[in-house]
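**Q** Next come the chains, spelled out residue by residue.
There are 2 protein chains.
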Amino acid sequence: LKTCTSGAPWNLQQAHAHLKASPVGHRITFHQRDTLDFLASTDTVYDVAVLAHCIWYFANPTTVIDTLKALSTRAKRICVAEYTLAPSDISTVPHVLAALAHASLECRKPQSEANIRTLLSPKRIKEKATSAGLSIVDEGTLKAPATMFDGKWEVGEVLGKEFLHDLDKVENERERAVVEALIDATRFSKESVTKVTTMDIWYAVFTKD
Amino acid sequence: LKTCTSGAPWNLQQAHAHLKASPVGHRITFHQRDTLDFLASTDTVYDVAVLAHCIWYFANPTTVIDTLKALSTRAKRICVAEYTLAPSDISTVPHVLAALAHASLECRKPQSEANIRTLLSPKRIKEKATSAGLSIVDEGTLKAPATMFDGKWEVGEVLGKEFLHDLDKVENERERAVVEALIDATRFSKESVTKVTTMDIWYAVFTKD
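Protein chains in written order, with the working numbering: chain D, 4 to 212; chain S, 4 to 212.
Hints listed in this document are in silico derivations from the structure and should not be mistaken for laboratory results. What you were told as hints is all true, and nothing was included just to trick you.
Copies of the same chain look alike in the list, so a pair counts if it works inside one copy or between any two.
With a Cα cut of at most 25 Å, we get these calculated SDA-like pairs of lysine to any residue:
#	residue 1	residue 2
1	Lys129	Leu170
2	Lys129	Asp171
3	Lys126	Leu167
4	Lys164	Glu176
Since we're looking at a predicted model, the values are computed, not measured.
With the hints as constraints, model all of the structure from the sequences given.
**A** Pasting the structure below:
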């Protein structure tokens with residue numbers, strides 16, 4: 004069971020076709036369904052549920068807890084990977100700030116289709132897992148591979164003209180100033196590094212208590 | 004004319020007494036008044052108005068514009084110093100993140116007594132000055148002196164237990180998650196540096212168009 008998210012350079016359909024054409028393709032079934040609905044429709048117990056860089060796409064923190072809770076009895080292990088939100092090196096600071104800037108605006112939209120909707124740090128994901136009755140059995144951090152361009156893309160999105168279109172959704176001028184300050188800090192930090200790199204990745208394995 | 008703010012290691016009263024006891028003390032008059040009220044009560048024209056690290060204390064962005072506008076006809080030059088909000092070095096990242104975290108919570112309070120109420124970057128201060136009919140004649144950035152501990156204090160405040168008391172003022176769980184993410188990023192960045200230093204300082208001189 005894999006909760007999947009789309010991205011570049013391939014879209015979801017292309018990625019699926021590529022995997023289906025691989026030697027293990029016949030063993031893979033894709034279900035483009037809401038995880039909670041899908042789990043309710045079967046009683047299969049899986050060896051592993053993998054949530055790979057998808058936590059930030061969740062609609063809100065409560066849905067993260069509900070999903071972890073539903074998975075807790077249906078997968079023997081739950082593996083999570085998400086960005087650390089920790090600037091380990093000056094070149095990753097623009098990515099951290101861009102993620103925070105993006106989230107500060109997206110959280111004001113009743114509906115969001117953005118790639119950052121619920122920005123949870125490893126600390127908060129662990130808290131949600133505890134609330135869902137899970138225990139952590141392993142965790143660690145990894146450097147993002149050099150071919151993972153999420154940092155560059157995220158910074159580009161926050162500094163793009165389109166991003167500003169939604170600023171008026173933040174009606175209070177004091178609150179809007181904070182979003183603008185986050186955008187500005189992202190821009191300044193990008194200008195102060197020779198290259199933007201993607202922030203570190205946190206991984207964790209959970210099992211039911 | 005100097006718009007002054009309190010701080011450590013001395014409070015405002017102690018700082019005033021120290022300056023009054025200096026060789027130039029007899030030439031200094033302190034007016035602990037709201038700037039707009041004070042300016043309305045006299046018609047004196049001053050050589051210089053200095054806003055030294057006080058912009059972030061303003062109640063809201065509109066008051067910054069109103070104050071700059073009022074000063075524009077009453078001071079020949081207006082000098083501003085404020086933090087850059089730009090992480091020039093990994094050791095300053097915790098201060099930048101703490102300022103953003105602090106502002107993200109303070110902007111939700113109808114009344115704030117905190118030292119960060121309106122977080123404006125140099126870019127935004129210049130925009131406000133333009134709105135107030137001012138032109139920039141000089142600007143630059145400086146490294147903060149090693150004896151300026153604002154970075155350390157700000158990070159300490161954001162990571163202190165008392166800071167969390169006001170988190171429930173952010174009722175929406177998605178919006179609260181962003182404030183928590185800013186606090187977490189501040190903590191992670193503090194843990195990743197050997198010493199927190201204060202971010203760079205921006206200064207600018209404005210005159211009326």
